[in-house]
Structures are given as structure tokens and as C-alpha cells.
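Engineer: Top line first, the protein sequences correspond to chains A and B.
Just so we're aligned, residue 1 is where the first sequence starts under my numbering, counting upward by one.
Just so we're aligned, residue 1 is where the second sequence starts under my numbering, counting upward by one.
For the record, the hints were derived by calculation from the structure and aren't laboratory data.
All of these numbers come straight from a predicted model, not from anything done at the bench.
For every residue, glycine included, the Cβ atom is placed at its ideal position computed from N, Cα and C.
There's no promise every hint is true.
Said to hold, decoys possible - If you anchor each label on the Cβ, the simulated ranges turn out as follows: (1) B/THR60 x A/VAL307: 51 to 59 Å; (2) A/PRO227 x B/ARG119: 56 to 64 Å; (3) A/TYR42 x B/ALA31: 43 to 51 Å; (4) B/ILE93 x A/LEU104: 58 to 66 Å; (5) A/THR272 x B/ILE93: 20 to 28 Å.
Stated by the list, open to error - One-sided and incomplete, this derived list gives chain B residues near chain A with beta-carbon spacing under 8 Å: (6) ILE28; (7) PRO32; (8) TYR80; (9) SER83; (10) PHE87; (11) ARG129; (12) ILE130.
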Amino acid sequence: MKRLWFALAALAYSAAAQQQSALNPAGPQSGRIAGLWWFFFYLLGAIFIIVMLIMLRTLMRGHRNAEENQPLENHERAQTRETRLRSIVTVSSVVTVVLLFILLVASISIGKANADLGASGKPMIIQVIGNQWWWQFSYLNDDPSQVLTTANEIHIPIGKTVLIQGQSNDVIHSFWVPNLHGKRDLIPSRVTTEYIRADRPGIYRGQCAEFCGLQHAHMAFYIVAEPEDKFKAWMQAQLQPAVAPATPALAQGQQNFLNYACVYCHQIRGTTASGTNGPDLTHFGSRRTIAAGTLPNTPGNLGGWIVNPQSIKPGNHMATIAVKPDDLQPMIQYLESLK
Amino acid sequence: MASLRYSKSAFFAAALLLASCQREKHDIQPAPTRLAIYGDAARQSALRPGGSVKPQPVVTNPYNASGYDISEGQRLYDWYNCSGCHFAGGGGIGPPLIKKEWIYGGEPANLFDTIVKGRPNGMPSWGGRIPEYQIWQIVAYVRSMNGEQPTSATPTRPDTIETNPQNLVNRVPGATK
Numbered sequence: 001m002k003r004l005w006f007a008l009a010a011l012a013y014s015a016a017a018q019q020q021s022a023l024n025p026a027g028p029q030s031g032r033i034a035g036l037w038w039f040f041f042y043l044l045g046a047i048f049i050i051v052m053l054i055m056l057r058t059l060m061r062g063h064r065n066a067e068e069n070q071p072l073e074n075h076e077r078a079q080t081r082e083t084r085l086r087s088i089v090t091v092s093s094v095v096t097v098v099l100l101f102i103l104l105v106a107s108i109s110i111g112k113a114n115a116d117l118g119a120s121g122k123p124m125i126i127q128v129i130g131n132q133w134w135w136q137f138s139y140l141n142d143d144p145s146q147v148l149t150t151a152n153e154i155h156i157p158i159g160k161t162v163l164i165q166g167q168s169n170d171v172i173h174s175f176w177v178p179n180l181h182g183k184r185d186l187i188p189s190r191v192t193t194e195y196i197r198a199d200r201p202g203i204y205r206g207q208c209a210e211f212c213g214l215q216h217a218h219m220a221f222y223i224v225a226e227p228e229d230k231f232k233a234w235m236q237a238q239l240q241p242a243v244a245p246a247t248p249a250l251a252q253g254q255q256n257f258l259n260y261a262c263v264y265c266h267q268i269r270g271t272t273a274s275g276t277n278g279p280d281l282t283h284f285g286s287r288r289t290i291a292a293g294t295l296p297n298t299p300g301n302l303g304g305w306i307v308n309p310q311s312i313k314p315g316n317h318m319a320t321i322a323v324k325p326d327d328l329q330p331m332i333q334y335l336e337s338l339k
Numbered sequence: 001m002a003s004l005r006y007s008k009s010a011f012f013a014a015a016l017l018l019a020s021c022q023r024e025k026h027d028i029q030p031a032p033t034r035l036a037i038y039g040d041a042a043r044q045s046a047l048r049p050g051g052s053v054k055p056q057p058v059v060t061n062p063y064n065a066s067g068y069d070i071s072e073g074q075r076l077y078d079w080y081n082c083s084g085c086h087f088a089g090g091g092g093i094g095p096p097l098i099k100k101e102w103i104y105g106g107e108p109a110n111l112f113d114t115i116v117k118g119r120p121n122g123m124p125s126w127g128g129r130i131p132e133y134q135i136w137q138i139v140a141y142v143r144s145m146n147g148e149q150p151t152s153a154t155p156t157r158p159d160t161i162e163t164n165p166q167n168l169v170n171r172v173p174g175a176t177k
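Here chain B stands alone, though its shape is the one from the complex (with noise of 0.2 Å):
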């Protein structure tokens, strides 16, 4: 009987283990794959031309998880120069990203079609130049600006002083916001 609790408790531990290995997981040898875009799942409307209303569907950032992702979206929001017209996120010459109302939708299928198709007024489309996983690596560190990573992605640690005892709570990898 004894011996069933230990395993109990071994496999428990062994699951928040792997819970928090979520974070450092890596996509080592990401495929380069053609860009899809998901022109239907980024609608922000259920009403169409010509009245027929099809179910969205749904689409998830397949690099989201891990904090690897954020961190490497956060070089790429340098490096291909996001930052140039929205700054650190705040925004200057393009629109901040740290927001509750996005014009074109906040969900990472919004995003990702924002990044591809480019939007009027000055957002150039990347679709075909850069590779679709960056795009979403991109996508997952833009939605961690607002707060809105997995929780598996997020430190246990804060990198901030946080003054509200609330969020330390919502830190722990696996814990339900």
C-alpha cells in the first residue's frame, strides 16, 4: 500500500516535471514549410458575402509553448525590424502592440494573418519572405507583450518586481489564470 503512495506522489512529481519542461521545449529543426494563410479563421466576423455562414476554424500557434519561441520571436521583432515602426510595443509610427482593441483581431490566427497579408496604411506583408514558424514565433511574442503566453511559457520567476501578489500566483507553470 505504502509503496502505491510513493508511486503516486514519484508519478505526480513526475508530471508537474514535465509540465514545466513545456517551457524549454524546442522545435530544433523547424520545417520550412509554404505559408497557409488563414484567411477564414482570421475573420473577425461570422457574416459573409452571399449569406451562407461556415463554421471558423480554429488555429492554433504551433509555436507558442515555450519560452524559446517568445524569446526568439522577441530577436526576430528586431531583426526584421518590427520594432522600427511599433517600437518596443508601445507604438510610434505604426500602432502599439500592447493593447486591449485590435483593429484586425488579437488571436494568433489575427496576428499571423496581419504579419502575412500586411494591412493598409503601412504594414507591409511578409507572407513568402520570412519563414511561416518565424512568423508565429513573432505571433507567440507579440500575444506575451499583452500577457497572453501559455502559462507552461512563462517564467516562475518573474523578470519584473512584482508589486501584485496576484500574478506571482499566476507564475507557476500549469496553474490556470
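Only chain A is shown next, with the shape it has when bound in the complex (with noise of 0.2 Å):
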């Protein structure tokens, strides 16, 4: 039984580890990021164990060698000797230098090749504005009928380059998601870009990549990428304004949303909710997790972060407000249904 369980934990871990791993690239250019770190591995670990077998034949003849290395030694042998050791240290030196030399051009090259992707062509443009703690995401259009603006979850389509430029509100972040790229800090009054191309469907975790305070480790996002029609659909779906509630129960929701805090910091497109400062929840009950990435999006835990966000991630900036009981499952009925 304990080994069932630690076979299934095992496997969830590999699944959740794929789902953030430069080892399982999606792209081109964590494609040759991986080949670069495996070309790395190999020749290095090679390196290393050639090292260790010579360290071990050095101190297995150590002995013999001290009773060489007696004064008594005459000037013939002492000169050769001598020119046995330059030359194991020329060799050694040149060696180290070129190998050095073929690592440094290797990632060089890798770097430049990686920067190039999005040279042809008009590439989709995301902006990426990083806060304290949660990420804001704006599809960006020369039609601003069609500027779209969500949070912690993004829709790419597969074997499209996208553009992702990168700002930040506060301190400086890093956007990174292992599967697709390297990392690109996010910095305050500064505009940094980075291409993407996802060539596999799935869903890829990013995660801030620079310590930006109490809650970085609490600052996910995901990336969705999918085939072109599906990603459109989306696309289209995303930009209507959020549904009308359905229900009385649902307009009770809304309502309770409206008349409390909320509204100082979220936007809900198509009500009277247009705060700029919290997370955009438009589409709120279309998202897979809730408080960027921190916990699933279900009800249970949407009532527990509505409540006491400070308990799931301390130091954050969304408010403790007192909401009353009745109030409150109306509302989380009201948020889940924005899909």
C-alpha cells in the first residue's frame, strides 16, 4: 500500500514537473536551450569523471612517488622530470581553454538563434505587466475592439510567434515559463521583449523568476497553448463582455459583488465593477486557478480566499473585508458563473 502511494505521488510529480520543465520543451527555443543543457551535461559529466579517475590514480601511486622524491635525485632525471610536467600542463591548459571556448561559443550561438525567432512576419503581441503578485495580460490590437485584457492565464496557438513584452507596476519581476523559453526580467518604467512559440499543445506553468517580495513564490500564471480554431474561439469568447446572471440567485451575486470593496480593485466588463488595480474577472470562472496559480479555481476555495485572502497568501494586497455570510454565496456563485 505505502508503495502505491508512493508510485502515484511519484507520477504526479513527474506530471506536475513536465508541466514546468526546461527538460520538456514545446518550443523551438527551449528546444535548443534543452539540447544546449544536455550538451552541457554530457561533456561536463564527461570531464568530471575523467577528473575523479586521475585523482584516484594519483593518490593510488602517491607512495611510490614520495620515495622518488628524494634530494638524493640526480640533475639528468630531475630535468626530465621537469619537462614531462610542462607539457602535461600545456596540454592540460590548452584543453581547458578550448573546451571552455567550444561552451562559451555553444551558448552564444544558442542565445542569438533564440533572440531571431521572431525576425519575419507581424507577430501576436501580449503585453505582460507584472505586480505584487499576480500577472496582468493585455492581447494587444490596433482595433481596441479587440485589445484584450485577462490575468494568471493566457491562450496561445500553437506554432505562432507571439510577442511578449514585458512590463512591471512595482518591482521587478521575471517572466518565465521553462517549456517555452529562458527568462525575462520585467522592469518598472522599461518595456523588455521576448518571443515565444509553443509547437505542442498543453499547458505550460510559468512562474516569477525574481524575487519581488513576500509572496513570489505565490506568482504563477499558466500558458494554454492550443490549435488555431480553438484559440480563436477563446479569443472571441474572452473579449464579449461577462455573461448577465442567469438566475436571481446570480443577480444576487452580482449585486453583493458591486456593493462591497470589490469594486475599488476588480473589473467585471458590462457591469459597473472597473477598478484597475486587482486582477481583471470578466471571464473570472473560465480560469483553471484562483490567487495567481496558488489554488484551484473552485468554489471552496474562492469562499476561503474572499474571506481571508491574508491566510492563503500573507502580505498580499487584496483586503480583508467583513463579508457578511448570506452575502457571500451568492457571490462566489456569481464569480464561478463568469465563464
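These two chains come separately, so use the hints to put the complex back together.
Structural biologist: And the structure:
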């Protein structure tokens, strides 16, 4: 039984690890990065083994050397020893320099290759704004009605180059989806860019990779890579304003949301809630997680989060407000209905 | 005897450290208490209708003594758009907040009352809309604009270039003003 649990836990762990792993590349850049990693791994692993073998050999014959090394040795013998030592040092220095140079060339050329991905065509632009401690994503478009702002979860079409435009609202964050690319810092008052492309459909977890304060560890997001037609359907659905409440209970929930302090920070398009300090909740019910990848999006978790966000992410900027128990249930139902 | 002296100095060192720790104190789970309106504490005059003079209760700001609360107040001052009317404290649409003479009083209880109840000609009422602890944090920030934060919440190193050496002395935590 214990063994079964262990196997299950290992399976769950490896599944989660596949979702956020630089060794499970889903795009051309992460593929190159993974290739570079394995190149480093095998080359340096071989060097490590060789060095260890040489050291073992030296340790074993150490005693004989000590006997040889007597003050009485003659001049000729000393000279041959010196020549031999000199050639060994020369050869190993040259080998070290050449190897380091190879590694340098390999990593620089892969860095260059990765930067060139978006050179052709006009890519889709996603603006990423880092906040303590959540992500705001905007799909930029020349047509303002097609600009979509959402939070903590984005969808991208597979096989298409996407330009990430990184910014920050407060401190330095870092945008990192290991399955797609390396890290890119988001720096206040500056725009940083990175091209990404997913070739395989899947759900990839990203994570802030630059320490940004109390809840840095709970600042994750998901990228859903899917075929273009599915992506377009998702995009069209997300561009719509929030669905109107269908039942009286949901209408009550909407009223409750609008009556409490929620509206100072959160936006629900199609209602009067228009705060911009916190994540946009227009299609909250369609997201997989709440609180920036901290908890699965379930009614129970959402209730806990609304009532006491500071117990789940201590120090986060969501206010602890006194929601009356009778008001809470319709509010949860309403938010979960925002598909 | 020597050990006693050492323990004494250790005690003073610890006390000094603890005093400076207050600046970093941080209520990790503030309770969303129901708003209590400090009507009497916030009165400007002891005169009351009906003649009887009640002693006024003293209300202190529970979120006052730490640098964290003041910086939270600064963030909320922008988030809740206080800066929309009062700007960075210099005033614009609304009156300035960096000043000596306050129409409705400048004590923490007065400021709390002003935010909770609102005031004529534009100041909206925030009572029951945002949690009480956040109002206190904003009060702490507004007080700090005027340099009236407790010394425990004052950084030992000034954020600005200080030209008056007298001010530098006052920035030592625990020093009296």
C-alpha cells in the first residue's frame, strides 16, 4: 500500500514537473536550451569522470612518488621530470581553454538563435505586466475592440510566434515559462521583449523568477497552447462582456459584488465594476486557478480566498473585507458563473 | 561583577534592537472589524449642545507604528484614488494634506472620521466601503506626509538629501522629537 502511494505521488510529481520543466521543451527556443543543457551535461559529466579517474590514480601511486622524490636524485632525472610536468600542464591548459571556448560558442550561438525567432512577419503581441503578486496580460491590437485584458492565464495558438512585451507596475519581476523559453525580467518603467512559440499543444506553467517580495513564490500563471481554431474561439469568448446573471440568486451575487469593496480594485466588463488595481474578473469562471496559480478555481477555495485572503497569501494586496455569510454564497456562485 | 555589566549592556543592546524592530512590525492578518465611528473623539471643541461637557476619549491609531503600515497607506492612497483630488498631498481639486491648520482636525481620530464620514463639498464617505485597518493605514500615511509619524516608524537613513542636521538627529529610532 505504501509503495502504491509512493508510486502515485511520484507520478503526480512527474506530471507536474512536465508542466513546468526546461527539459520538456514545447517550442523551438526551449528545444535549443534543452539541447544546450544536455550538451553541457554530457561534456561536463565526461570531464568530471575523467578528473575523478586521474585523481584516483594519483592517490594510488602517491606513496611511490614520495619515495622517488629524494634530495639525492641526479640532475638528469630531475630535468626529464620537469619537461614531462611542463608538457602535462601545457596540454591540460590548452584543453581547458578549448573546452571553455566551445561551451562559450555553443551558449552564445543558441542565445542568438533564440533571439532571432520573431524576425519574420508581424507576431501577435501580448503585453505582460508584473504586479505584486499576479500577472496582467493584454492582447494588443490596432483595433481597440479586439484588445483583451485578462490575468494569470493566457491562451496562445500553436505554431505561431508571440511577442511578449514585459512591463512592471511595482518591482522587478521575471517572466519565465521553462517549457517555452528562458527568463525575461520585467522592469519598472521599461519595456522588455521576448519571442515565444509553442509547437505542441499543452498547458505550461510559468513562474516569477525574480524575487519580488512576500508572495514571490505564489506568483504563477498558465499558458494554454492550443490549435488556432480553438484559440480563436477562446479569444472571441473572452472578448465578450461578462454574461448577465441568469437566475435571481446570481443577480443577487452580482449586486453583492458591486456593493462590497471588490469594485475598487476589480473589473467585470459589462457591469459598473471598473477597478484596475487588481485582476480583471470578467471571465473569472473560465480560469483554472485563483490567486495567481495558488489554488484550483473551486467554489470552496474562492470562498476561503474572499473571506481571508491573508491566510492564503499573507501580505498580498487583497483587502480583508467583512463579507456577511449570507452575501458570500451568491457572490461565489456569481463569480464562478462568469465563464 | 563584570558579567553583570556585560548582561546589562546586552540588555540595553537588545532593548535598542527591539525598539528598532517596531518599524518592521507587520500585522499579517488584520481583522476586518466593523467600522467604529469615533464621533466624540474626533470633536474639535469640548462644547456640546445641551451643556454637559463629556471628557473626550483618546483614540490612537492601531496601524501607526510601523514603516510597513505607512507604505501600505501610501499604496492605498493611490489605489483608492485619494491622489485624484488631493494629488501627492499638495492639493488640487481637494485641499492640501500637508499643512498645519486642519478644518476638521489633524489628529488620527479626526482624519479617520473625515475619511469614514466624508466632508461637505466633495470628500466622499468611505465608511463601510473599505476595511477599517486600511483607513488607519491611510491615516498613518497622511500623518507621515506632515512628518508626524512616530519615530519608531522613521527610517534611520533619510530618503531625501537632508540639509538640516537637526532632522538627522530626530531620525534615530526611539529618539524623542
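Engineer: With reference to the structure, classify each hint as holding or not holding.
Structural biologist: Going down the list of hints, with the structure as the test:
For B/THR60 paired with A/VAL307, a C-beta distance near 28 Å fails the hint of 51 to 59 Å. A hinted range of 56 to 64 Å for the beta carbons of A/PRO227 and B/ARG119 is consistent with their spacing of about 58 Å. Evaluation of the 43 to 51 Å hint for A/TYR42 and B/ALA31 yields a failure: the beta carbon distance comes to about 57 Å. Distance hint check for B/ILE93 and A/LEU104: the Cβ-Cβ separation is about 59 Å, which falls inside the suggested range of 58 to 66 Å.
Between A/THR272 and B/ILE93, the C-beta spacing of about 22 Å keeps the proposed range 20 to 28 Å intact. For B/ILE28, the shortest C-beta to C-beta distance to chain A is roughly 5 Å, which falls under 8 Å, so the interface hint holds. With its C-beta approaching chain A no nearer than about 4 Å, B/PRO32 sits inside the 8 Å limit, and its interface hint holds. Of the supplied interface hints, the one on B/TYR80 holds, with its beta-carbon coming within about 6 Å of a beta-carbon of chain A, less than 8 Å.
Look at B/SER83: its Cβ only gets to about 13 Å from chain A, farther than 8 Å, so that hint breaks. Of the supplied interface hints, the one on B/PHE87 is violated, with its beta-carbon coming no nearer than about 18 Å to a beta-carbon of chain A, more than 8 Å. A hinted interface residue such as B/ARG129 counts as satisfied when its beta carbon comes closer than 8 Å to some beta carbon of chain A; here the least separation is about 6 Å, so the hint holds. The beta carbon of B/ILE130 is positioned within 8 Å of a beta carbon in chain A (closest approach about 5 Å), and the interface hint is therefore held.
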